[in-house]
Amino acid sequence: MTDETQRQAPTRRQMLTRIGVLAGSAGLYQAMTSLGHAMGTDFTGPPNLSGAKKGTRIVVLGAGLAGLLAAYELRKAGYTVQVLEFQNRGGGRNISLRGGDTLTELGGATQKVNFAPGNYINPGPWRIPYHHQGLLHYCQQFGVALEPFLQLNHNAYVHSSNAFDGKPVRYREYASDFFGYTAELIAKSIDQHKLDDAMTPDELAQMASAMRAWGGLNAEGKWAKGASSSLRRGFDKPQGGGMTGAPTYSDVFPRSEILKAHAWNDISFFERLDMQTTMFQPVGGMDNIGKGFMRQVHDIVRLNAKVSAIHQNDQGVQIQWNDMANGGAAQTTEADYCVCTIPLPILSQLDIQVSGPMKAAIAAVPYASSVKLGLEFKRRFWEEDEQIYGGISFTDQQISQISYPSAGTFTKGPAVLLGGYMFGPAAYDFAGMTPQERIENALKQGQKIHAQYRKEFSNGVSLAWSRMPWTLGCCSMWSEQARKAHYKDLVAIDNRIVLAGEHASYIGCWQEGAILSSLDAISRLHKRAMGAA
Amino acid sequence: MRRLFLLPAVMAGFIAAASVTPAHADTATAVVGSLGPLTTGQQVYQHVCQGCHMPDGKGAMGAGAGFPAFAGDQKLLNTGYPIYIVLNGHGDMPWFSGMLSDKQIADVINYIRSSFGNHFPGKVTPEEVAAMKPTITMEDN
Numbered sequence: 001m002t003d004e005t006q007r008q009a010p011t012r013r014q015m016l017t018r019i020g021v022l023a024g025s026a027g028l029y030q031a032m033t034s035l036g037h038a039m040g041t042d043f044t045g046p047p048n049l050s051g052a053k054k055g056t057r058i059v060v061l062g063a064g065l066a067g068l069l070a071a072y073e074l075r076k077a078g079y080t081v082q083v084l085e086f087q088n089r090g091g092g093r094n095i096s097l098r099g100g101d102t103l104t105e106l107g108g109a110t111q112k113v114n115f116a117p118g119n120y121i122n123p124g125p126w127r128i129p130y131h132h133q134g135l136l137h138y139c140q141q142f143g144v145a146l147e148p149f150l151q152l153n154h155n156a157y158v159h160s161s162n163a164f165d166g167k168p169v170r171y172r173e174y175a176s177d178f179f180g181y182t183a184e185l186i187a188k189s190i191d192q193h194k195l196d197d198a199m200t201p202d203e204l205a206q207m208a209s210a211m212r213a214w215g216g217l218n219a220e221g222k223w224a225k226g227a228s229s230s231l232r233r234g235f236d237k238p239q240g241g242g243m244t245g246a247p248t249y250s251d252v253f254p255r256s257e258i259l260k261a262h263a264w265n266d267i268s269f270f271e272r273l274d275m276q277t278t279m280f281q282p283v284g285g286m287d288n289i290g291k292g293f294m295r296q297v298h299d300i301v302r303l304n305a306k307v308s309a310i311h312q313n314d315q316g317v318q319i320q321w322n323d324m325a326n327g328g329a330a331q332t333t334e335a336d337y338c339v340c341t342i343p344l345p346i347l348s349q350l351d352i353q354v355s356g357p358m359k360a361a362i363a364a365v366p367y368a369s370s371v372k373l374g375l376e377f378k379r380r381f382w383e384e385d386e387q388i389y390g391g392i393s394f395t396d397q398q399i400s401q402i403s404y405p406s407a408g409t410f411t412k413g414p415a416v417l418l419g420g421y422m423f424g425p426a427a428y429d430f431a432g433m434t435p436q437e438r439i440e441n442a443l444k445q446g447q448k449i450h451a452q453y454r455k456e457f458s459n460g461v462s463l464a465w466s467r468m469p470w471t472l473g474c475c476s477m478w479s480e481q482a483r484k485a486h487y488k489d490l491v492a493i494d495n496r497i498v499l500a501g502e503h504a505s506y507i508g509c510w511q512e513g514a515i516l517s518s519l520d521a522i523s524r525l526h527k528r529a530m531g532a533a
Numbered sequence: 534m535r536r537l538f539l540l541p542a543v544m545a546g547f548i549a550a551a552s553v554t555p556a557h558a559d560t561a562t563a564v565v566g567s568l569g570p571l572t573t574g575q576q577v578y579q580h581v582c583q584g585c586h587m588p589d590g591k592g593a594m595g596a597g598a599g600f601p602a603f604a605g606d607q608k609l610l611n612t613g614y615p616i617y618i619v620l621n622g623h624g625d626m627p628w629f630s631g632m633l634s635d636k637q638i639a640d641v642i643n644y645i646r647s648s649f650g651n652h653f654p655g656k657v658t659p660e661e662v663a664a665m666k667p668t669i670t671m672e673d674n
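In order, the protein sequences belong to chains P and Y.
Heads up, the first sequence is in this note's numbering, so the first residue is 1 and it goes up one at a time.
Heads up, the second sequence is in this note's numbering, so the first residue is 534 and it goes up one at a time.
It cannot be assumed that every hint is accurate.
[As the list claims (entries may be wrong)] These stretches of chain P come out as covered by chain Y in the derived footprint (C-beta under 8 Å, 3 or more residues): (1) 303 to 311; (2) 354 to 368; (3) 422 to 435; (4) 468 to 481.
[To be verified] SDA-like cross-link-like pairs, simulated, lysine to any residue; straight-line CA separation at most 20 Å: (5) P:Lys306 with Y:Gly597; (6) P:Lys488 with Y:Asp673; (7) Y:Lys608 with P:Ala363; (8) P:Lys378 with P:Phe410; (9) P:Lys488 with Y:Gly624; (10) Y:Lys666 with Y:Asp635; (11) Y:Lys636 with Y:Gln579; (12) P:Lys194 with P:Glu220; (13) Y:Lys591 with P:Trp470; (14) P:Lys306 with Y:Gly595.
Calculated from the structure, these hints are not laboratory results.
Glycine included, each C-beta is placed from N, C-alpha and C at the ideal position.
Starting from the given sequences, assemble the full structure and let the hints guide the process.
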């Protein structure tokens, strides 16, 4: 992220570098913390709004996390709040599917979920990074129990159709070989004086040591079959006890196969701030967050309310909606202000009375297509046969990944894994299939990684986000051009209406974006309401 | 995200995913999944469009909003309109500039203009698509 102001003033990084040089690393950390950088998102605490003028009414549209949080904080501040929600449930995209649930998508296909009791899939958000402190704060406050989400698993698979004869290899094997060969190459280049122009002699010596240690090279500076490589990638015959305990070393993969597999993104994936450990998930299903939020404000949430028009003038806002629980009866709700969290694909097609620039912004942000599949198997073969406990296997097939449940490890009986999680082209493709075709394709692709797939399969469900009537897509997809041209107009208060949701944040597609957007929107709205005579 | 993008030999004739993949958030960035070669308009429609516009081209209606139908849509008469929409996106619909090739875009527009009961005159060429192509960059943050 760069903008004009940052170009002229020293950038945050330049400033931190200077502080680091002057004050040493302790000073640097202190400076980073006070600049809010080392703490993840810019959440600093709940907004602590108060002193609302008695009787000031705020209508909140949408009962996802952004809407529910707005309702909770605004009511606490003294406002009279009413939430209108299209669905017959709160939580929005914060959702879990369990046995007995029914899922109907656009086009009419209906799926009945047949998971065994206790099993679930999180077809929307499914993990919470440690630095999403806003969401974590409210989970704690609302009594939502969290547990670790197993993100990186060295014993899960990397699968490439173009390498290793199309067979999956373990993440530890691939990653170790990739690092080892890279380290060997750099060490060799230093040895052969090919980097003499790039670094000082001191740096060259340090780099040579670093490569040996980081890459796990042997005494000759090679990545090759032996103790040092097997201690990373695994042994051929593992270490044991007693008479026959001596291990045998594993062969390293040929470098050409490592490159042919093109799987380095599967390694770098876990280095992204968003994807780093520690991750969390709610115990028992992601929707326990939505339920926790709902518990705070359920008495002011009107479900089955289909909004058709959002009008405003200098006196207030007027929401027209249909009561879908009562034959679609036309209703009107009046309020002084409106917090609108309706997903942009819906909002852009509603009759909304806002300025031209906000209208243009609402229409400028497409939503990504995404598909997830939950597959239930009769037993945890990935644990029992392959010692995979949570984490993710990657494949270059359309399903992209298989993720194993973080909870319930070592239990017997049926279990649900994430049988595919797609964005981009594969998501468009899978969204266009029937639910049966999606499952069949997920099984066909998944069995290239797990031969047990067909034998152990019990049932499955897929959710194509573009076919959910209440969002028409997964989440906001900002282009650089749209961000520059429209973001400020999207988040600015338009007379008596303010928008909130992940789409109105720089943490798009994450629940944290909804939380922080909501807090920012209601803080500004509160100020506006307090200032208005 | 760039995984497929880094496979130029394999990607020939495939959809390049890089420019349309959400680069941020809980989006499994490194892994977007590939698509086979889409050499006809019908194939592009089936593998890219029908997830929203439905196999019969009739669109669908959700919570007071939905995806438009193609049958009899007079906006398709002037070819510039569908070319612009497919390249730039429209509201909920993502842009496909940089994801579909010029030929794939021409093919699928020709397919839509001559299917679902439509018989709009004339053909779109890849050159016409190329002439209208914008630069749209997926945000990476």
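Restraint check for Lys488 (chain P) with Gly624 (chain Y), where alpha carbons must lie at most 20 Å apart: Cα-Cα ~17 Å, so holds.
Restraint check for Lys608 (chain Y) with Ala363 (chain P), where alpha carbons must lie at most 20 Å apart: holds (19 Å)
Restraint check for Lys306 (chain P) with Gly595 (chain Y), where alpha carbons must lie at most 20 Å apart: At roughly 10 Å apart (the allowed maximum being 20 Å), Gly595 (chain Y) and Lys306 (chain P) satisfy the hint.
Restraint status (C-alpha distance of Lys591 (chain Y) to Trp470 (chain P) at most 20 Å): holds (19 Å)
Check of the segment 354 to 368 of chain P against chain Y for coverage (Cβ-Cβ below 8 Å, three residues minimum): This one holds; 4 residues, not fewer than the three required, reach chain Y with a Cβ under 8 Å.
Verdict on chain Y covering the segment 468 to 481 of chain P, criterion of 3 CB contacts below 8 Å: It holds: at least three residues are needed, and the segment 468 to 481 of chain P offers 11 whose Cβ sits within less than 8 Å of chain Y.
Coverage criterion applied to the segment 422 to 435 of chain P (partner chain Y; beta-carbon cut 8 Å; 3 residues): The restraint on the segment 422 to 435 of chain P holds, since 11 of its residues have a Cβ under 8 Å from chain Y and three suffice.
Pairwise hint evaluation, Asp635 (chain Y) against Lys666 (chain Y), where the allowed Cα distance is 20 Å at most: Cα-Cα ~9 Å, so holds.
Restraint status (C-alpha distance of Lys636 (chain Y) to Gln579 (chain Y) at most 20 Å): Distance ~16 Å between Lys636 (chain Y) and Gln579 (chain Y) Cα, so the pair holds.
Given pair status - Phe410 (chain P), Lys378 (chain P), alpha carbons within 20 Å: It holds: about 14 Å lies between the C-alpha atoms, which stays within 20 Å.
Hinted pair Lys306 (chain P) and Gly597 (chain Y), Cα distance within 20 Å: holds (7 Å)
Cβ contact check, 8 Å cutoff: the segment 303 to 311 of chain P against chain Y, three residues minimum: holds (count 3)
Checked against the numbered hints given earlier, the structure satisfies every one of them.
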